[in-house]
Every structure is written in C-alpha cells, then in structure tokens.
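Just so you know, the protein sequences line up as chains E and A, in that order. Sequential numbering of the first sequence, starting at 1, is according to the working numbering. Sequential numbering of the second sequence, starting at 1, is according to the working numbering.
Note that these hints are calculated values from the structure, not bench results. As the structure is a computational prediction, the values presented were derived from the model and not from experiment. One or more hints might be untrue.
[Unchecked claim] Only part of the chain E face toward chain A is listed, based on derived beta-carbon distances under 8 Å:
{"id": "1", "residue": "THR118"}
{"id": "2", "residue": "PHE370"}
{"id": "3", "residue": "TYR487"}
{"id": "4", "residue": "ASP489"}
Ideal placement from N, C-alpha and C gives every residue a C-beta, glycine not left out.
Here is what each chain is made of, one letter per residue.
Protein chains: 2
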Amino acid sequence: MTAGFRRLAPLATAAFVTAAGAATLAGAQPTNTPDGIIYHAEFQRLWDQNGDDWMAEDAEIQARLAELEAKHGKKPNIIHILWDDMRYGAVGHRMLTDISGYDAPNLEQMARDGASFTRMYTEPSCTPTRVAAATGRLAVRSGMIFPIFPIHRMGLPGSEVTIAEVVDDTYHTGFFEKAHFGDQEEGYVHNQGWDEAIFSLYNQFAGQMFTSDAENTGFSVAYSPDGYDKKYFMDDTFRPLEWMWTVEGFEGGETREFSTPSTFADYQDANARMWERTKDFVIRHADSDKPFMLQWWPNLYELADQDAMRPFTTQHGSATGESVKRMDAKIGELFTLLDELGIADNTIVIAMADNGPMEPVWPETGQNGFFRGGKNDVTEGGIRVPAFIRWPGVVEPGSVIGDIVHVSDLFNTFARISGRYDQIPRDRVIDGIDQTALFMMGDTHGRRDYVFTYKGTTLGSVVKQQFKRHFASSGGGLAGAEFFDLYKDPREEHPLMAEFLWSWAQFDAIVERHNAQIAEFPHTPVARGEPYTGVVRLADQ
Amino acid sequence: MTAGFRRLAPLATAAFVTAAGAATLAGAQPTNTPDGIIYHAEFQRLWDQNGDDWMAEDAEIQARLAELEAKHGKKPNIIHILWDDMRYGAVGHRMLTDISGYDAPNLEQMARDGASFTRMYTEPSCTPTRVAAATGRLAVRSGMIFPIFPIHRMGLPGSEVTIAEVVDDTYHTGFFEKAHFGDQEEGYVHNQGWDEAIFSLYNQFAGQMFTSDAENTGFSVAYSPDGYDKKYFMDDTFRPLEWMWTVEGFEGGETREFSTPSTFADYQDANARMWERTKDFVIRHADSDKPFMLQWWPNLYELADQDAMRPFTTQHGSATGESVKRMDAKIGELFTLLDELGIADNTIVIAMADNGPMEPVWPETGQNGFFRGGKNDVTEGGIRVPAFIRWPGVVEPGSVIGDIVHVSDLFNTFARISGRYDQIPRDRVIDGIDQTALFMMGDTHGRRDYVFTYKGTTLGSVVKQQFKRHFASSGGGLAGAEFFDLYKDPREEHPLMAEFLWSWAQFDAIVERHNAQIAEFPHTPVARGEPYTGVVRLADQ
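Kindly produce the complete structure, drawing on both the sequences and the hints.
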C-alpha cells in the first residue's frame, strides 16, 4: 500500500486523442490501485480522487468484518437471488406497487428489514447480467453478449474466473435454477467453480415453449416437427428438436441431464425439484464450519399454460403476477428457513431482477413506469432494476441506498466479504467495484458514478453521475442531441444538446479511455463448439 | 334511517337508454341515502350495495370522534395544505424521489408520521381543483372550468356553499395565499364563509410574470405597454394592465387590495407577509375554545427571477426545486409551531398538490413518471397527485392508503369531522363523499371507486375501479379503443377494446346516469361581471 502502487497519475485527456496513442499510454500503466487489480479506466480516475479516503474506510470495514467473524465463528453466508425481467418499483414498496406491480409480501418485508436500492444497474438482458454477476466483468469481455437460445453452440469461456472460483474451498458453493451461460462444457456451472449445481443452459422460456402444451395453447408456434404442412420443406434440421434444458453436476463429478420438459407439468416439476434441492443445500451447510454461498437464480415465469395458472389471484391479473407471487412465497420460505436454522443473522441476502421488463409481451409483463424501455434497451428501463439487501445488524432496516451500483460489483463485494479479494484475477480488466462500504456504511458510501451499457458488441450508453449519453442512436456531430439529465428526465424523452455541450468532450474522453483499455486487454472470444458434451442424457441414466 | 329513505333501487340500465328517460327516472328519486344528500348517481349505486355496512362503520366513527372530542376538549383543528402542479412521487418517499423529485424533508417526515395516498385524484387544473375542494362539487357544476386569468371577469358563484360556510361559527376559519376563485365580489373568499383571508384572485404566475423583472429576464414577453413597437397598434386595452392580484378581507368587513406585484421582490414580500399571517392565525386560535380550520394554499412557485433563486441547492437543479424546498421548510415550521403550541395531537393536516405537473415547461417542472400527461390532461398524470395526512393517534404512522379519493371528498370529510354534516346543502348534487372511515380506519375503508374528470365542459374520462375509459378522444363506435387497465398500463399507452367489450355498455350507463342527474340538477352559471368591485385599492388605503 505504498505510494509506488499508485502508478497512474491523472492523465490529460489530450493524451488520448487517438485510440492507438491511448492504448500505448494505458499499456504502460494498467492499474493505479495498491491491490493490483486492473479496474475499469473510469474507476481508476475515481481512485485517484478518492483512493485515500476509501483505503481509510476499508480499514474500518476490515475491522468490522473481523468482529462479525469473531461473533459468528465464521464469515457470513451469502445468498444471491436473481430473477428475470422486472421493472424498478414492481415489488417491495406500496407507494410504487399500488400504481402497478406484483403481490410480493415477503419482498416488502425484506425492504422493511433491509435496504432498497434506487440505482441498481444491470446489463440489458439475461445472459449478460448473469455473466457480469458471476465474473465481475461486462459480458462483452467474454463474448456473452446476448441471451443464448437452443441451440446456439456457444457459452461462457472456461478462462473466465467466477465468484465461485474466487471463494473456492473457503465456502460451500451452490447454484440452482437459471444460469443461462450456454451449452458449452467449459461453461457448465460446476465446471466454473461451484461445488454443486442444477442449472439451465438456456432461459426458462425454452423450458416452457418447446413443449406440446405451449403449442396447443398457442404460446409457441410450429415448433413440433409434425405440426405443419411440409410439402415445400427440404430441411428437417431447422427446428432444435434435440436440445437440452437443465443439467446437474458436482465439481469434478459427472454431468447429468436434469430435465428437458416436454409438457408444462414437466417444467413445473423440474422447478419444484430444484427448489427442494436449494433448500436442502442451505440445510446441509447451516451448521458447517464453513459458510456457504448460494446463487439461487429462480425460473420466475410460469406462463406457457395459462389455464394451469388460473384463476388469477393478484391485482395484476396475469400469469406473471401469479409467477411472482409464487416466487415471493419461496423467498418467504427461505427466510423462515434461515430463522429456523438460526443463521439469519449471519446471512447476507441480495435479491434483484436481472434487467427490465419484456415490454413487447405487455400486458403479460408489467409496463415500465418511471423509465422508458425494457429488456434489451440501454435506457434506464432496460437496466435499472428492483434490488434489496438484508443483512441483520449491519444494514439499517428500511433504509434506501441511492448510490449507483452495477451488478458486476457483487463479484468484488462478495470477494471482499468472503476474505478472498486477493483471488480476483490481476491479468484482465475487472469492471466490478468493491461496494462493501455501501452495504456496511449505507447510503452515500458508494464508489461508482458511472455505468457502461452495451447493446451486443456496441456501446449503447454511458451514465455518469445523474447524466447520460446515448451512443448507439447518435448521428455524431452537432446534430446529435443525445445527452440526458436523468434526474429531470428519467424517461430519457428530452435529449439535450446545447445545455450539455460542456460534457461533450468529457464523455468522448471516457469512451476513448474505455476503448484504449480494451485495445490493451482484448475481449475473450466466447466459447464455441459442439453443445452438451460430457452430459449423460436422461435416456441413458 | 328507515328503509323508506333508500328510495333508489338499482335501476336496469335499459331504463336509461335515452337521456330524457333517465332524467325523468332520476327526477323521481334524487337521493337514496338517509342523510338526504343528493350524492352523485354513481355513489348512490355504491350506497345500495354498501350502505348498511357504511352506516355501521359510521356509528363506530361517531363514537370514536366523541371520545377524541372528550379527550381534547374540542373537535380537531383542520389544516389543508394545497400546492400547485406536482406529479405523484415528486415528494415524500425516497424510492420515488431518488428517481426524480424535490428535496422536501418535512414532507418525508410527514409521510413517516402519517399516511400517504396512492390514488388521490384532483381536477386537472388549479381553479377546478380548488373549487372542488371548497364546495364538494365538480367544478363544472359552478362553471369554474378552467384556471382564471387576469382579467377574465368571472368567479365563483355566491350561491355555492363552501366548507367554511358549512362549519360556520363552530370553527375559526382562515384562508391564506392562493384561492384562484376569480375576480367577482361574490366569490371573494371572505364572502364565501371564511372569517379572515388573504387570497389571490388568480394564480401565482400572474403575480410573477406581469412584472418588469419577468420581462427583463425573458420570463414574460411584451406585457409592459412600452416594450414593443406600436406602429400597427390601434388597441391599447388588450393588455390587462389594471389588474389586481391579492386581496385581504374579514367576513362582513372591508375588502382591501393586499398586493399586486410590479417586481419579483414585491411578489416575494407579499408571500412572506401572508406566511406570517398564516402562522399568526394558528397562534391566535391555538388556545381558543373553538377549533380552527385553515386553508393554507401556498404560492409555491418562485420562478420569475431565476437569478434571485440561484445558486440551486437541490439535485433537481431548478427554481422549482428551490421553491419546493422553501415551501417544505414552511411546512416544517408549521409542524414545529403545532408542537410548541401543544396542539399537534388534535390537529389534522392534509397536504397535497392540486393537479399534475406543467409538462410543457419542462425542465423547470418535473417530468411525469409512472403516469402520462400533466396539468390539464385527463390521463392519470394530470389528476393523480402526491397527498399525505397526519393525524397523531388516529392515522397509523408510515401507512399507505390505496383507496380512490377525490379532492371533493375533503368537503364531506371535514364536514363530518367538524360535526356539521347536517349543514351540507340538500338542494344540489354533492360530488364529495365522506371518507372519514378511510382516515380513521385506514386502507381499504374508502367509499369511492370512480372518478369523473372534465376537460372544460366536456367529460374527458371516467375511472371505475382499476379501469378507465377516455371519452374526450373517443371516435365512438367499434373503432374507438379507449379502455385502459390502469394497473397494467398506468401510463394509458395501450388502449384496449376487445378485452373490455364487457365494460362498454356499463361505462355508457355510468355516463347516462351522470348526464341524467345533470339534467335534473343543472349546472350553476359561473359568476360574471365587473371585476374587483368592493375592493379598496392600495393607492386609496
């Protein structure tokens, strides 16, 4: 922690006029933090301005964590709950849910017992958010740039280091339900560091829609091979008939197909069995000397058989409403279980959505509210989600956290809390930021003031403080009017230009530094190859 | 309270096929409630279904009010705070204000100490909302259909019975700041029942914009008679140069001009003096044997001289943000005063906005959020406002009320609480509903499931339960697709038709009954005539 580590003095913007020049400069100084992590270039600028304060805070935090560990006899358990497609405000607070939302009394209780985030950012779709949470890196860096469907023949590269690999044997690690990391063996969850896992290769819609039930109810169209006239057809391989949904595995052990539903009942049965295994994981490790880390990323939706979901019992009057209510009941069950096991006080629970709502399927999904857009959009509606944390005795009950947090920050934060920060890789860019201070000291103790959001491989927008610039839609030049004050215009409906001329070159410099860092630390290609290798199919079990 | 009073049995919709027929039927049965009030036709249908329950509730409420009166030695003081143009969620709760809003710590505290409303409806603009609050009637019934400006030569008809006339001498009644009831002597506030009043005839913009300051800063254009080239002009009377802003009066006493600003400093000075008088009213009557009722309807905005408002100190970064902060500080002062005077426990405070934000002047106003539209719109953005109630020992701290309330309901509710329900006129339609049960028993105890909203004299929309139909924009016939599920679509962006065919005839019947009742009890013409009669001008004082 000597001054010698702080190698990257603030660089003049002029030095970055060309990407090539910038790459050279950045290459000479990959990091400026004493921990040696190659943080995002933008964080490095924040460090130069705030690093001394943050190191002082970290000393306090370390002492506090040590106290907690002494009190509980081990480090805290960590549970990360991550569900699909929900807009900010759809659960947790009546001032919001009375307008539009879902019945979720246990998440409301969680908000009362813990803190709610008002600026939790994700990537704009499932696979990218889940990869960012697992690796602490923007998904574009591992090529996981969109939701992977059957049969994409792609997946998470084995060279990515997940949070399970970071905590390694110091924690029991479990993963249940929706991974969405693709169909490549190197990306299977139990090959990425988790001790045990039952996980879907793709999303939950495939699990519901590639079924005869879904076709019979019109929820899926023309998937089954016999359900259409073939007189002009000459390719029988177009439909992904031989796909696989969910897989089970233990680190270093056999990989077995767990479920590939052919009816809605199969889908529901698989989810029920995964939920039992999730609880079993918690129960088995409650009294262990080692803490546990659980990624419970539930399959939220039960949509394909609308009849099976009726009568609707919530004000939202939709199968999604019923789905959320059922998921919330499980969250309640989990909290009760933690209480019964006597481990609630030493268990951190973070619950959140993975991106905004799927607006194209309104009214089944919720309409967005304060924000414009939904899943796949780089507007706030796509990337700003409901999120809650409960950590009894640490997080102030009923509090609100207004700092910017990005889902990748959970990687660093879990690494810090688990005492494994030194295991974060030092050979690649880490987008995550340690936000332990925010969780332990509360509102205004965040360490991020920016968010980069990609649409596929294209940088779509950059948030800085309460300002935002859209790039994906920009025409360039003075005609482009793509600056927003998010606080006055949370729906990004009033692009400003003249008012934000002062920020033009600054935003450009942010992007130039970002691109220069990529030039120095290029993206990892996504894993590609035959799908499902190494899996024992159900038929062969 | 015999069954004989319940004269209007549910009528078959078919009986109302023609407006004439409906009028005849309604004419035979003007009311079905034992209290003899001619409630809105839609409420009468609710009464037929719920009246027995509500009478039982009312007996409990009456007993509870008697207990409170015995405890405090008098009926509760009532303070109604009503400000301009603010969207739902702009103050009071961080989960909302973190997205976009204003610094208002005292309103946040009020929300923690009392209840927040999620469905408080107003009329879509200032004059109508204020008239509905004062008279318990939709503003269209007294012709007060739009914001009155200098010099409209119109105002509130003397035949309207205000809440001050209802409570009469049983309460000290005071009114301060923005009335906006127009420029007719019969409509002056102290001629409408208030013991004492300082009130503006028009809105607060006139008070700021018809000044040389406003013209010098570009906030007003070409008002001053010399500030333009006149070579083609032949009418010097077009500009309302001889107008009057604010008037002071005591019931039965002299009426005096209080302030007509010619500079922004004049405007601010007038507001400061009115605020002192407001507090003085509370102080003078704190220890009285009689309770007091205070309408403090503050002039929120201080916009005209932006320089005088800088530097901005709030995240919203606007003169409106500063204005709200200043108003909120006064609300804090008021609460402190109630505490110091020892009357906080026996004082009901209701604080709310009078309609949605003025979106056309964004970014100075807030952008709307969950709802579409703003002031003057019949969409939820125009009529659904932030609102809070504090009643220590009665209203549960931190609670949320999700029932529909309309601003006209405050008329009946204040009449009930003041023990003067028998003074509500029985010769006209009363749109207000007694919501004392909602205030005293909390969420789900409301008595309204509908809202009628006018655009001028045209019925614009009807809310029923969580559904809404737009009429103003309807083309009629099957091509019209103007039905909304407000809970799935709070922004009214997805009009539905096929899904709501079941409600088509029912909404038509609601409107037919409404129109039939109007045919029987026609609207009162707005007062018209010379302005400012009876006022001693400042120059003559």
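Going through the hints against the structure:
no., hint, verdict
1, THR118, "4 Å, holds"
2, PHE370, "4 Å, holds"
3, TYR487, "5 Å, holds"
4, ASP489, "5 Å, holds"
No hint from the list above goes unmet by this structure.
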